[in-house]
Amino acid sequence: MTRKLPDTPLLDELESGPWPSFVTGLKRLARTEDKPYAGVMKDLLGQLEHSYETRKGYWKGGTVGVRGYGGGVIPRFSEVAEDFPECAEFHTLRIQAPAGMHYDTETLRGLCDIWEEHGSGLIAFHGQSGDIMFQGCTTENVQKAFDALNEYGFDMGGAGPAVRTSMSCVGAARCEQSCFDEQKAHRLIVNSLLDEMHRPALPYKFKFKFSGCANDCVNAIHRSDVAVIGTWRDDIRIEQERVKEYVEERGRKAIIDQVVAMCPTRAISLDDDDSLDIDNRSCVRCMHCINVMTKALSPGKERGVTILIGGKRSLKIGDLMGTVVVPFMRLETDEDYEKFQALAHAFVESFAENALEHERVGEMIVRIGLVNFLEGIGLEPDPNMIRHPRTSSYVRMDDWDEEVEKWNARNNTAAE
Amino acid sequence: MSEAPRMPDETGVPDPLPLMHPLLRKNRGTWKWHDRPRPGVLHHVAEGGDEVWTVRAGTPRQMDVHMVRNLCDIADQYAESHVRFTSRSNIEFMLSSFDKVQPLIDKLEEEGFPIGGTGNSISMISHTQGWLHCDIPATDGSGVAKAMMDELYDEFIAEEMPNRVKITTSCCQINCGGQGDIAINIQHTKPPKIDHDLVASVCERPVVIARCPVAAIRPIVINGKPSLEVDERKCMCCGACYPPCPPMQINDPEHSKIAIWVGGKHSSTRSKPTFHKLAAAGLPNNPPRWPEVAEVVKMILGVYKEDARPWERMGEWIERIGWPRFFELTNLPFTKYHVESWPGGRASLNASSHVYF
Chain A
1 MTRKLPDTPL LDELESGPWP SFVTGLKRLA RTEDKPYAGV MKDLLGQLEH
51 SYETRKGYWK GGTVGVRGYG GGVIPRFSEV AEDFPECAEF HTLRIQAPAG
101 MHYDTETLRG LCDIWEEHGS GLIAFHGQSG DIMFQGCTTE NVQKAFDALN
151 EYGFDMGGAG PAVRTSMSCV GAARCEQSCF DEQKAHRLIV NSLLDEMHRP
201 ALPYKFKFKF SGCANDCVNA IHRSDVAVIG TWRDDIRIEQ ERVKEYVEER
251 GRKAIIDQVV AMCPTRAISL DDDDSLDIDN RSCVRCMHCI NVMTKALSPG
301 KERGVTILIG GKRSLKIGDL MGTVVVPFMR LETDEDYEKF QALAHAFVES
351 FAENALEHER VGEMIVRIGL VNFLEGIGLE PDPNMIRHPR TSSYVRMDDW
401 DEEVEKWNAR NNTAAE
Chain B
1 MSEAPRMPDE TGVPDPLPLM HPLLRKNRGT WKWHDRPRPG VLHHVAEGGD
51 EVWTVRAGTP RQMDVHMVRN LCDIADQYAE SHVRFTSRSN IEFMLSSFDK
101 VQPLIDKLEE EGFPIGGTGN SISMISHTQG WLHCDIPATD GSGVAKAMMD
151 ELYDEFIAEE MPNRVKITTS CCQINCGGQG DIAINIQHTK PPKIDHDLVA
201 SVCERPVVIA RCPVAAIRPI VINGKPSLEV DERKCMCCGA CYPPCPPMQI
251 NDPEHSKIAI WVGGKHSSTR SKPTFHKLAA AGLPNNPPRW PEVAEVVKMI
301 LGVYKEDARP WERMGEWIER IGWPRFFELT NLPFTKYHVE SWPGGRASLN
351 ASSHVYF
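Chains as they are written, first to last, in the working numbering: chain A, 1 to 416; chain B, 1 to 357.
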């Protein structure tokens with residue numbers, strides 16, 4: 001006999017309104033009577049309604065995994081399984097999405113078929129770290145679901161103290177503001193660190209994210225330990241005829257208010273003939289003027305990345321944004337990418353060796369100081385790494401002269 | 001003898017190239033400019049002259065296979081069988097001809113998917129698992145996002161805000177939702193309630209003690225059993241002890257409140273990235289529609305929409321007008337809790353004689 005859907009008066013209220021409803025989706029699954037997950041989803045709805053009634057969560061963790069890997073499955077056992085027995089086990093598999101989150105419909109349908117056979121039919125596109133989250137699997141089926149997904153070309157993502165799943169923006173695939181091959185960089189770095197992802201052995205989580213420009217569409221600067229953000233070293237490209245069209249179309253005041261006056265380093269002025277004058281040595285590649293005048297302005301041609309380290313949320317010493325450790329690095333040739341990969345690995349190794357348990361790399365750098373971190377990696381300090389030089393005189397400077405010589409040597413080498 | 005068990009193919013991040021819309025694959029790295037013909041539609045032009053139109057639609061993120069297949073059917077019939085997702089869970093359909101844009105929009109709207117989320121709109125709320133799947137949530141994620149997006153729907157499908165608005169929600173103070181122009185986050189107001197019978201068997205006590213940001217946890221023996229106690233004068237109710245030690249229950253149906261934070265920004269566009277700052281707290285965690293939260297969020301957005309200049313993000317607008325004016329315009333109370341009280345917080349005090357009148 002078909003079991004009725006549980007009464008869910010509170011959740012039912014989330015079926016009204018114009019935004020598509022996840023509750024309606026849960027109910028559709030609970031009504032798919034020819035599939036084994038229908039009963040699971042009935043109990044899932046029941047437990048969720050219970051949470052809405054009591055304002056409490058009822059899942060606990062545990063240990064569930066797949067052969068060969070030490071992470072990637074998020075175990076969930078119901079604490080109220082006596083009332084909702086069919087969702088007693090409701091684990092998530094974190095599966096890495098294609099870089100840039102591109103899919104063809106055949107692939108999406110294939111993923112649905114696998115999850116319909118082995119799981120609950122509920123999928124999140126995507127989790128905050130960029131995984132496809134296949135939500136709702138029994139302990140017994142976790143291995144079967146993973147094997148099927150893995151044979152279909154997908155691999156487990158990260159969880160626990162490990163290199164985590166990464167994200168890259170749409171980038172070069174569909175954006176003229178892209179300053180490097182985000183998807184290539186994303187795959188190169190993560191795929192060369194899979195051992196650190198699948199067998200968690202780091203002090204804590206470690207995330208890379210890749211954004212093609214300062215607009216930072218994947219929120220790399222705060223949401224990753226290593227933010228790789230596209231930029232360029234030569235001049236902004238300007239098509240002055242297009243600039244004049246913008247001035248004509250929007251008016252001089254709008255261009256002055258919205259482009260000239262909003263430049264953070266006062267690097268732009270509007271000439272008397274309605275062309276733009278940009279002081280590129282003062283420009284910090286923030287993207288604002290390019291965002292406003294997409295047809296007239298574009299990033300320069302000598303492109304690469306700025307790398308920042310240490311972004312994270314509150315725990316334990318307060319929020320941190322990533323800060324610059326590599327002001328500019330070209331990413332064009334295979335050799336550039338090899339250097340980039342070696343650097344990424346050096347970051348992970350430094351973290352593995354020096355961080356305390358449950359300490360993020362940003363906190364580690366606060367503890368040991370940026371200069372010690374740079375020395376460990378083999379990077380030289382650079383004025384682009386700071387907002388301003390030190391204000392406190394409480395520091396020993398015994399070897400000042402040697403440091404000056406290093407600076408001079410570096411600058412002379414660069415000049416050659 | 002049984003077969004050797006299957007070991008994983010350690011393939012990592014899938015290559016997107018075979019899955020990518022053919023025009024994107026062909027013109028990768030050679031795009032020239034873009035514009036937005038209408039809210040929810042992007043138009044990109046390549047150096048070689050190829051053009052692609054992208055239609056962006058909202059999704060609930062947590063999707064059933066039937067919804068995903070429906071989106072695939074739409075993509076097969078009205079688009080060109082390729083989609084991608086944005087970091088805020090919107091789905092994008094790529095089209096090789098402008099003629100296909102309106103029929104696709106009509107179909108998506110007929111099937112209940114809103115078109116928008118581009119440019120200076122309010123995009124989908126980045127959210128977390130909540131009661132649906134997390135082991136430590138004080139509230140729901142999908143439910144808050146659904147309730148708020150119903151209220152903000154008109155601003156998703158239009159481009160009428162001063163600049164883009166990114167909203168986030170988080171079901172605990174770990175804040176998986178991240179920084180936002182507006183962040184809707186749980187704020188606990190009472191120390192954890194400890195089940196002393198379970199601590200010894202469930203928790204690694206040194207780990208839990210080390211996890212506390214203010215060193216408020218210490219070992220204790222209760223009824224002959226090792227346990228932990230919290231110095232409630234020190235405890236700031238952050239809940240960091242709860243994940244490693246579930247018997248230290250921080251979630252409370254009444255005392256886990258919702259706080260609203262404003263002015264977070266990830267991009268380095270114009271101003272440097274900023275953290276969101278406390279605007280309001282003490283709001284009830286009131287499912288299924290969190291009306292008290294929705295009211296404050298809509299009020300703040302309304303004032304921002306009215307008062308900010310074009311291209312100013314929420315935090316940039318407040319930076320210009322000053323916090324006194326923000327509290328005046330929003331009519332939100334300014335309390336002692338808005339003043340930072342941690343060692344790094346002195347940087348947020350006004351070290352000048354600049355005063356707004």
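None of these hints come from the bench; they were simulated from the model.
Bear in mind the structure is a predicted one, so any value in this text is a computation, not a measurement.
Just to be clear, a hint being listed does not mean it is correct.
[Claimed, not checked] Partial list, computed: chain B residues near chain A (C-beta under 7 Å):
(1) R36
(2) H82
(3) Q179
(4) A281
(5) L283
Note that the Cβ used here is the ideal one computed from N, Cα and C, for glycine as well.
Index of numbered hints that the structure contradicts, given in increasing order:
1, 4, 5
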